[in-house]
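Engineer: Residue numbers (our numbering), protein chains in the order written: chain A, 1 to 340; chain B, 1 to 748.
These are calculated hints, taken from the structure and not from any lab test.
Mixed in with the good hints there might be a few duds.
Every beta carbon over 10 Å from chain A, so not counted as near; a handful from chain B, in silico [unchecked claim]: (1) 148; (2) 421; (3) 664.
With a straight-line cut-off of 20 Å between C-alpha atoms, the simulated EDC-like cross-links for lysine to aspartate or glutamate are [said to hold, decoys possible]: (4) A:37 with B:195; (5) B:747 with A:188; (6) A:37 with B:120; (7) A:37 with B:530; (8) B:747 with A:297.
We put the CB at the ideal spot given by N, CA and C, even for glycine.
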Amino acid sequence: MRPFDFVRPTSVDEALAAWEDGAAWLGGGTNLVDLMKTGAVAPTRLIDLSRLPGMRGIEVLADGSTRIGALVGNSELANDPDFAGNFPMVAEAILSGASGQIRNAATVAGNVMQHPREAWFHGPASDPLAGDTGKLAVLGTDGAPAAVNPSDFCVPLVALGAVVEIVGPDGTRDIPVADLHRMPTADDPRHTTLTPGELILALRLPPEAAGFAAHSRYLKVRDRTSFAFALTSAAACMRIEDGKIAEARLTLGAVAPRPWRVAEAEDLLKGQTPGPEVFATAAELALDGARAVGGNDWKIDLARRTALRALDMAAAGTPAEMPALPASVFGTQRKEPAHA
Amino acid sequence: MPDTLDRTIRFGSNSGQPMTRRDGIAKVTGAATFTADNTPDNVLHAVYVPATIARGRVTSLDVAAAEAHPGVTHVLTPANRPHLHGDPEAKPTMFSFRIEVLQDDTVRYAGQPVAMVLGETLEAATEGARLLAPTYEMAPPRVDLDRAEPYDVEPGGFGRPTGASHGDIDAGHRAAVKSVDVTYSTAPQYHNAMETHAIVAAWDGDKLHLDVPTQALSMSCAAYASFFDIPVENVTINSPYLGGGFGSKAVPIGPNILAILAARMTGRPVKLMLTRQQMFGPTGHRGATRQRLRLGIDEDASLTVIDHDSLSETSSFDDFHEPAAGASQGLYAAGALRSVHRGARLDIGTPGAMRAPGEASGSAALECAMDEMAEAAGMDPLEFRLKNYAETEPGTGRPYSSKALRDCYLQGAERFGWAGRPLAPRQMRDENGLLTGWGMGTALFPCPMFMAEARATLRADGSALFETSAVDMGQGALTALAQIAADSLGLPVDNVEFRAGHSSLPDGGVAGGSGHTATAGGALHAAGSDVIRQLGEMAAADPASPLHGAGNASFVARHGRLYVDGDDSRSEPFADILSRAGGADLVGSGSASRPPETAAQYAMYSHGAVFAEVKVDPDLCQVQVTRLVGAFAAGRIINPKLADSQLLGGLIWGISFALHEEAHHDPVTGRIVNADFAGYHVPVNADVRGLEVLTVHEDDPHVNLLGIKGVGEIGIVGTVGAIGNAIWHATGHRIRRFPIRIEDLLKA
């Protein structure tokens, strides 16, 4: 095997001090270890974060925001009754991803940092369009072929305005999840805007995010019913007051190198009566500027349909119980809104 | 229904019982030892470097870097690879493939071994393999079947399927008042047994011991012996369990030969286990096809012609053409019937037999084309198939040895609730608004028998030992064969010890072609019968036996006693007969194969009918198979529980074929870009629901002594077409490629 250092700091300061060029943070390892095994990445030092104190809590802060420690497990977060009650589409998104075993091991910070599923994982791909072009971005790349951000979790986080708390050699800072991911370029191969050596301490959802709980859905279209990355997905939520949409959020997943939030569509929905026509217009707006690559025109159409359906589902109301197949096209249909 | 089998065949209380597999507890507790569980002392771990291009040659390997890595002991390259007696480019037997064992620096497909590293640990060997960092001179790979140059396949046995033509094909086309002319595509699929290929090789002088999972112990011994120029009896193979075979583990693969060479070179045991990614290359696969089907019917909706032309991919250096067009022979009563095979050479590993080779792919296209023909005729698909039901084998006119297909159709349709199905598509919705469709397909699979031998030993205590080198690859052979064996001696199965999975035993034949239970079972039955015959002679000649003087009467064994047939008042326990004779074990032997005259006289097939329900989201086009009912007639069912599992597994593979499995090649390098389980999809639990299997009673007095037809492969056949047809019925869209994906429906 390739030798690497393995260090296990017991404080954030120690962790930061342990960073060096070529190091990698180790959370649950569900993504990083796979990549190490295939040779896609070869860190010279693994910094195991599992012993860091104070990073496993889910807490409501004094200002009403919700703070999720970086080492909280995916399953743990999705199954936390308070969290799932306040942010049902986040829970639904998590539970639609990967498998039970992986969700148990994976951390929330690791989830937001997961690597795009690129074809070169298995060797030097010469044609970026090789294989399944349904996994390539249609937005945010100016038509250049690029892998999409594969996270389900990030999609509702972006919709709800979540931020990432970062600590680095120069202190702490917050980055909106919406600004965390980027498309790699020839000059800068990073998939995120983090500077090497920066560490995620926590994710934070703003106080107003829980206000969408009654109308909040994540929908994921995929090639098989479970354990598959999204072809397209959408997080849609709204506050409905007196039969009108007081505020709406719409973010598309698996269409761009980052979750694709569509402010124009959200603005359009504000003040409208929920209904198929206005949702169709919003969905149309959401795909504005989309460009097909490698013949994946159908994906633009599918993303639009996904957005429309997610809006429709959100307007109908959050189900009282998590569907048996979360975020599935075939999820158990809700009879009555849970939060009327 | 009455059992019409010859009553002189002994059949006791074990066969027909849904016994739980005897090896189940050992498997779920980890006590069962699979090949890679063996790590002998002083073992070296082997890791090979797979080519990352599909065509060209290796221009450099950084051997020095690999050798310098701690723990790396040896690096095998074409430059230093020891001499191999057998020519890897030769095809010494009917079932041989050309293999890559570092004979030169040529790369013929991605995934081909280009070097092998041995190390004291798996990690060292893995890193050594990475450090070799091959460079290549790359030629443009030919990996697109649609751009390849087709040629006519020259018939020549395994991998070079014979075409067939019966009746006047042109006249059949001319006589058609309605016809369909459609082309269906199937994708490259790769066997991915849970247990990847593995081998542990150890030499003792010129004796070779192998732990290796193989579907064909005796054949493998011969193949390995010929590669290394040693007598076949010098090769020992231990293969007690296989974690799945599916046709991939029937013939030696190049990496295994390299591991054995490495063991001889180093004088140490060598262990190799392929990674999941390495299962997409040198281990065979189901080649992609393009199948043109031209069907015609007369005014009466009788088929005037089935004209099936299959183009299939093979490698640039060897022949395995999917015998897909053969699936149109033997099934429907068409006036004229033609199967043609064409091939095209690509820079891929040589395809091979993958569960239901030929029938799975061929039936997918045929059953959809039949559905299109039924639609053109304005008929219900089941009614159309019944209209064209063949009472004798089409073309040859041979009688079927048995054919309960009509019962399969009717019982399956009843169970599924087929009646009332609207003829037109896109007529049904469920309570959630999902488009709902019903489709069906016919299943057909031949019933080959191979050759097998077995030994039965009756012990003085009345218990028995049966031995044959049969193979349990998960299908339950260790249990079903033990049931047959026990019945041949009239013993409870718990009194029978059954040894299999080792080359020192009598040749148990091949676990393939759905013929293992019939063949190895026949041999076991014959061996048991031989014991009974000897026991009868002993008793008849023994004045102290109640059976004394029974002379020419036949004997029947039941519950550990020997009876005079038809006279229950005269019997004696086995143990008493043996103890008076001195208490020695009584050993019998037997073999089984099909007499050529029977094979010529009868058409022998298992049959089935599969009914599928799918639901499709009308906007998002995601497909879910919500119900599958398969009714199968496969002769005598030895163990209904295991048979059902085989058939259910087939149905699930049908889902996989219809909706999921597809390898994608990079057009520039030619390598497969989705060579793992994240990218190469098979169904997950949530995709598999509402499965039901019926086995229809069928007595077959001709297929073999025990009336067994086999259930290993037929479950896939018919299912793929049924799902494709159900998707058409749900949506109105006829997708003529498999797997059918969301984008196909979205673009339709």
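Engineer: So, for every hint listed, does it hold in this structure?
Structural biologist: Do the hints match the structure? See the list:
1. 148: Since the minimum Cβ distance to chain A is about 18 Å, residue 148 (chain B) lies beyond 10 Å and the statement holds.
2. 421: For residue 421 (chain B), whose nearest Cβ neighbour in chain A is about 22 Å away, the distance exceeds 10 Å, so it holds.
3. 664: Violated, since 4 Å does not exceed 10 Å.
4. A:37 with B:195: holds (19 Å)
5. B:747 with A:188: violated (37 Å)
6. A:37 with B:120: OK: residue 37 (chain A) and residue 120 (chain B) at ~19 Å, within 20 Å.
7. A:37 with B:530: Violated. Residue 37 (chain A) to residue 530 (chain B) sits at ~56 Å, over the 20 Å cutoff.
8. B:747 with A:297: holds (9 Å)
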